[in-house]
Amino acid sequence: MNLTSAQTREAAKATAKASRSGDHLVVAVLRRVLFYTLLSLVAAFFALPLLWLVFTPFDRHPGLSVKLPDFTLDSFRLLQQNPYALTSLKNSVLIAGATMLMVVVFAALAAYALSRVRIPGRDALLYSLLLLSSIVTGTAAMVPIFLLMFQINLIDSRTGVSLVLAGGLLPAAIFILKDFMDATPRSYEESARVFGASPLQVLRHVVLPIARPGLATVAVWAMVNAWGDFLVAFILLRDPEKSPAGVVMYTFYTEGGQANLPLISAFSLLYATPVVALYLFVSRRYGFRFYGGIKS
Amino acid sequence: MRARSALPRADAGLTDAAGLGHARATAFVVPALLLVGAFLVFPAMWTLYLGLTDYRLTGIAAAHPQFVGLSNYATAFGDPQFRNSRWLTILFVLGSAIIGQTCMGFGIAWSVRSVPRLVRGVVETLVLLAWILPSSVVAYLWIAYLGRGDGTLNTILQTQGTDWLLAHPMLSIIVFNTWRGAAFSMLLFSAALNAVPPSQLETARLSGASTLQQLRDVVFPHIRGHILTNTLLISLWTFNDFSPYLLTAGGPNHASETLPVYIYNSALNAGQLGYGSAISLIMLVVNLVIALFYLRLLKERRT
Amino acid sequence: MRLARFAVVATIAALSLSAAACGSSGSGSSDPSRGADAKEVSLTIAANAVGGGKNDQEARWVTEYVIPTFTKAMKAKGVTATVKFQPSGVDDEKYKAKLSLDLKTRSGADVVALDGIWVGEFAQAGYIQPLDQVVGPTVAQWEGWSQIPKPVQANASFGGKAYGLPTGTDGRVLYYNKKLFARAGLPAEWAPKSWADILEAGRALKKLPGVAPLQINAGTAMGEATAMQGALPLLAGTGAQIYADGTWQGNTQQVRDVLTFYRDIYSAGLGEPAFQQAAKGRDESFAAFAAGKVGVLLEGDYFWRSVINPKGGVNPMTNRNADVGYAMIPAQKPGSGIRGQDFVSMSGGSGYFLNPNTKFPAQAWELLTFMSSPDALKALLNGEARITARTDVNKQVLGGDPLLSLISAKVLPLTAYRPGEGVYPQVSAALQQATADIVSGKSAAEAGAAYQKAVEKAVGAGKVSAS
Numbered sequence: 000m001n002l003t004s005a006q007t008r009e010a011a012k013a014t015a016k017a018s019r020s021g022d023h024l025v026v027a028v029l030r031r032v033l034f035y036t037l038l039s040l041v042a043a044f045f046a047l048p049l050l051w052l053v054f055t056p057f058d059r060h061p062g063l064s065v066k067l068p069d070f071t072l073d074s075f076r077l078l079q080q081n082p083y084a085l086t087s088l089k090n091s092v093l094i095a096g097a098t099m100l101m102v103v104v105f106a107a108l109a110a111y112a113l114s115r116v117r118i119p120g121r122d123a124l125l126y127s128l129l130l131l132s133s134i135v136t137g138t139a140a141m142v143p144i145f146l147l148m149f150q151i152n153l154i155d156s157r158t159g160v161s162l163v164l165a166g167g168l169l170p171a172a173i174f175i176l177k178d179f180m181d182a183t184p185r186s187y188e189e190s191a192r193v194f195g196a197s198p199l200q201v202l203r204h205v206v207l208p209i210a211r212p213g214l215a216t217v218a219v220w221a222m223v224n225a226w227g228d229f230l231v232a233f234i235l236l237r238d239p240e241k242s243p244a245g246v247v248m249y250t251f252y253t254e255g256g257q258a259n260l261p262l263i264s265a266f267s268l269l270y271a272t273p274v275v276a277l278y279l280f281v282s283r284r285y286g287f288r289f290y291g292g293i294k295s
Numbered sequence: 000m001r002a003r004s005a006l007p008r009a010d011a012g013l014t015d016a017a018g019l020g021h022a023r024a025t026a027f028v029v030p031a032l033l034l035v036g037a038f039l040v041f042p043a044m045w046t047l048y049l050g051l052t053d054y055r056l057t058g059i060a061a062a063h064p065q066f067v068g069l070s071n072y073a074t075a076f077g078d079p080q081f082r083n084s085r086w087l088t089i090l091f092v093l094g095s096a097i098i099g100q101t102c103m104g105f106g107i108a109w110s111v112r113s114v115p116r117l118v119r120g121v122v123e124t125l126v127l128l129a130w131i132l133p134s135s136v137v138a139y140l141w142i143a144y145l146g147r148g149d150g151t152l153n154t155i156l157q158t159q160g161t162d163w164l165l166a167h168p169m170l171s172i173i174v175f176n177t178w179r180g181a182a183f184s185m186l187l188f189s190a191a192l193n194a195v196p197p198s199q200l201e202t203a204r205l206s207g208a209s210t211l212q213q214l215r216d217v218v219f220p221h222i223r224g225h226i227l228t229n230t231l232l233i234s235l236w237t238f239n240d241f242s243p244y245l246l247t248a249g250g251p252n253h254a255s256e257t258l259p260v261y262i263y264n265s266a267l268n269a270g271q272l273g274y275g276s277a278i279s280l281i282m283l284v285v286n287l288v289i290a291l292f293y294l295r296l297l298k299e300r301r302t
Numbered sequence: 000m001r002l003a004r005f006a007v008v009a010t011i012a013a014l015s016l017s018a019a020a021c022g023s024s025g026s027g028s029s030d031p032s033r034g035a036d037a038k039e040v041s042l043t044i045a046a047n048a049v050g051g052g053k054n055d056q057e058a059r060w061v062t063e064y065v066i067p068t069f070t071k072a073m074k075a076k077g078v079t080a081t082v083k084f085q086p087s088g089v090d091d092e093k094y095k096a097k098l099s100l101d102l103k104t105r106s107g108a109d110v111v112a113l114d115g116i117w118v119g120e121f122a123q124a125g126y127i128q129p130l131d132q133v134v135g136p137t138v139a140q141w142e143g144w145s146q147i148p149k150p151v152q153a154n155a156s157f158g159g160k161a162y163g164l165p166t167g168t169d170g171r172v173l174y175y176n177k178k179l180f181a182r183a184g185l186p187a188e189w190a191p192k193s194w195a196d197i198l199e200a201g202r203a204l205k206k207l208p209g210v211a212p213l214q215i216n217a218g219t220a221m222g223e224a225t226a227m228q229g230a231l232p233l234l235a236g237t238g239a240q241i242y243a244d245g246t247w248q249g250n251t252q253q254v255r256d257v258l259t260f261y262r263d264i265y266s267a268g269l270g271e272p273a274f275q276q277a278a279k280g281r282d283e284s285f286a287a288f289a290a291g292k293v294g295v296l297l298e299g300d301y302f303w304r305s306v307i308n309p310k311g312g313v314n315p316m317t318n319r320n321a322d323v324g325y326a327m328i329p330a331q332k333p334g335s336g337i338r339g340q341d342f343v344s345m346s347g348g349s350g351y352f353l354n355p356n357t358k359f360p361a362q363a364w365e366l367l368t369f370m371s372s373p374d375a376l377k378a379l380l381n382g383e384a385r386i387t388a389r390t391d392v393n394k395q396v397l398g399g400d401p402l403l404s405l406i407s408a409k410v411l412p413l414t415a416y417r418p419g420e421g422v423y424p425q426v427s428a429a430l431q432q433a434t435a436d437i438v439s440g441k442s443a444a445e446a447g448a449a450y451q452k453a454v455e456k457a458v459g460a461g462k463v464s465a466s
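Protein chains in written order, with numbering that gives the first Met the number 0: chain L, 0 to 295; chain W, 0 to 302; chain F, 0 to 466.
Please note that a few of the clues may not be correct.
[To be verified] Quick list of in silico lysine-lysine cross-link-like pairs, BS3-like style, CA-CA up to 27 Å: (1) L:89 x F:93; (2) L:89 x F:76; (3) F:292 x L:66; (4) F:310 x L:66.
Read the hints as simulated data drawn from the structure, not as lab findings. A quick note: this is a predicted structure, and the numbers were derived from the prediction, not measured.
Please construct the entire structure, taking both the sequences and the accompanying hints into account.
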């Protein structure tokens, strides 16, 4: 059958389009491959240094380099015999948990207030607090903190440790949360007000759900910082039964200052687990996922 | 429901939509202020005061600290090692925080939005592990990684004999700190990106915008504030970060001695809290300059 | 908001005033008769040891021997004693900081463990006081004084007065790998008599591939280990002490001699610079020695006991006793060491001290002397050979270990201790920096000049000797 010229033109256009989308398909596949390659490289960048931690806890003769292990679970057995290792993890949960709660609650309240109400000197106050928080993590600040805690009788108290840690973390937490609070739309709050909600209810039911990703970030960040703390807990606590994991980690050395690698590597694995678990839990439940509108 | 795209405004505080009022606002702020006042402001002020004395933790100066005025500062500014440390710290912050962590964190946060859940979980866990592990352990990880003879990197790149930490100390600690801290930027940007209305992204994509254009026109306006917040925070934290000491001890021969390591080596190790505090104040002033710089940037962007 | 800010400022002011008023340190009031006839006594012991971690043996000794035995002994006298242990087990500097804070606020444990070198600064800060002031004249009657050599006693004293009881001490020697020596044609029983002998051995060892001939610590990365296992024994070998008669060693001929020796080692490739510059260089040098890659290493008996010990060492060497030899550290030339000695060494050690604010000084002294009694010290050692402060115990426990017997018998009499001056760490840092300069290529003259400036800055120009 002879095709008319119009049909030929149509057919030609269709073929051209087909080959163009074929090209598009190839390009799209190539782009995807490139994307995954890059992602794998990034994953490798983060994973490679971690190899030591994968092999060493299970090695009979751990050393300073990565090598295939002479498999044994002795390091973990040693850890179990250690009188303070497991209780320290419990203490870390208590201290870091309390710090995280205080930081999230107080920072959310303060960030909301500072974000909504115009208070003179607000920005200056926040920035100066932020700057001061960088001083307070040093050894020099330990002297006044210790003297203060001694005066109010909070030496050798896990609550005292949480209070000090929370105080140091709050400025940055408020800073982070204020951004999230600023970005929530006023229209929802106005509507809620119209329906007679009190400010606290507005905060709880309207603003917080929207700022949830920010709260999750601050929660994880506060927990990681409190979990990793050594100096405050060390200076303020006396009873070894109250020592958190961050302090106990530093005791796995010999008298000459050399590391007890079996204990350190095994303990690090245990040490990292609760925080990773927390992150996965927070991420799944409170989600860094939010698709507009209010999630109830 | 469609969220109205509310761009954050510097004067957003004027809209007290929930009718808080000054009294309640103050009440909301007080718990935080109390904790901060007692455990942050008070010790920080005391520390700054210490900078004007020759206070030490032990020795005669512990029993009878003398007020020495600005002589600690004179000593610091006169010490060539201090100038060296200042410069190295700026390099360190620029390389690992402003460039390294921000780009890496944002890149990962953006990329994992479009991968399967499992891949996302694995990548995020790896990044997070780097951040969570205690510094003492991380030091061992990197010494094993960058080791001279049988370090992992040398084995992979077949460059046995290269002692990265001794031959390229600054590069090593910059890469190390990027690895260490990217997780925070990733967290923050993940949260920020998820507040970008997907409808707008859809619209942009359907109308044929390339990824770059999507980023520029849709994403960045929403997360502008977050970028600056993140950069300011991680700059401040990196400035005061002590972990390079664990990898290089400030060496070889002061080649990677950032300010926190300098303070430790020259002051705190000998218990000279007065001198150490003075340098902390100098660092605070530099941090203040950085913060002011960001503040200007933020104000400009918002007008 | 103004109100809130006002409140904050007021809180700060109030707290500062109260803390300033109560935070000032100064000598606590010690009253030897306090709590003398108490029937219920509570005491606490603090040490930088923790069960399962650092100094685990010491921690277990306190909790499993000292406390039960002492409590029983007290019970027999009709006194109910509650003794607790406060472990730490961290880096020495951090332990020192924690202890300083406790003592500054006049709280803390009754019996505290201190490193001998801290005694001076703690005494000057008023944190500790002489034993006879805290306890009274009964101190002089303790039987142990005659068993502790005078230099070792001096390690727990300041200004001629004893502040506590030393527990143990140590000594430094030159370790060498006999197998490497055999391959290099050096004698199996090596006994260097001068620095030249050491350099000669180094040159012979250099012929072996992949071996670092000499490891004498240098650089700043190792901290005090550079001073104790490097610069200070060498300095003692030139006849000079780092601090004598109120003056510190500056850029003297002796210091330059030490730096020249370092120069001879590192410029001729007789040492491995990487060990001196890496953050964990000391650990790496130990691992290398255990792997047979280092010829000669200057270290304390800690190395023998806890590093290359085939039983539980960090880098165990299965044939340590056969493969590793040791020699006393020679002076620069025979007779050029301090006190005209042919051989030198450096020692350190810690002890137990009394908190002047203890509520039960007499009982705390009893506890202290109990912990330093022969039986208690033997319990601390738990069958292991270690050098204690008492010669009667040493005679009994060191018989089986040739190195420790050597140190106890021959090295301790000619050893030196570091000055217990508060400013010593800064002088040490200057000395470490001088060696670091040498490793990075500077000349002895340059390094010496920089060292002089650093020491003057630390102690004041008038107190430094130079030539």
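Compare the structure with the hints numbered earlier in the document and write down the numbers of the violated ones, lowest to highest. 2
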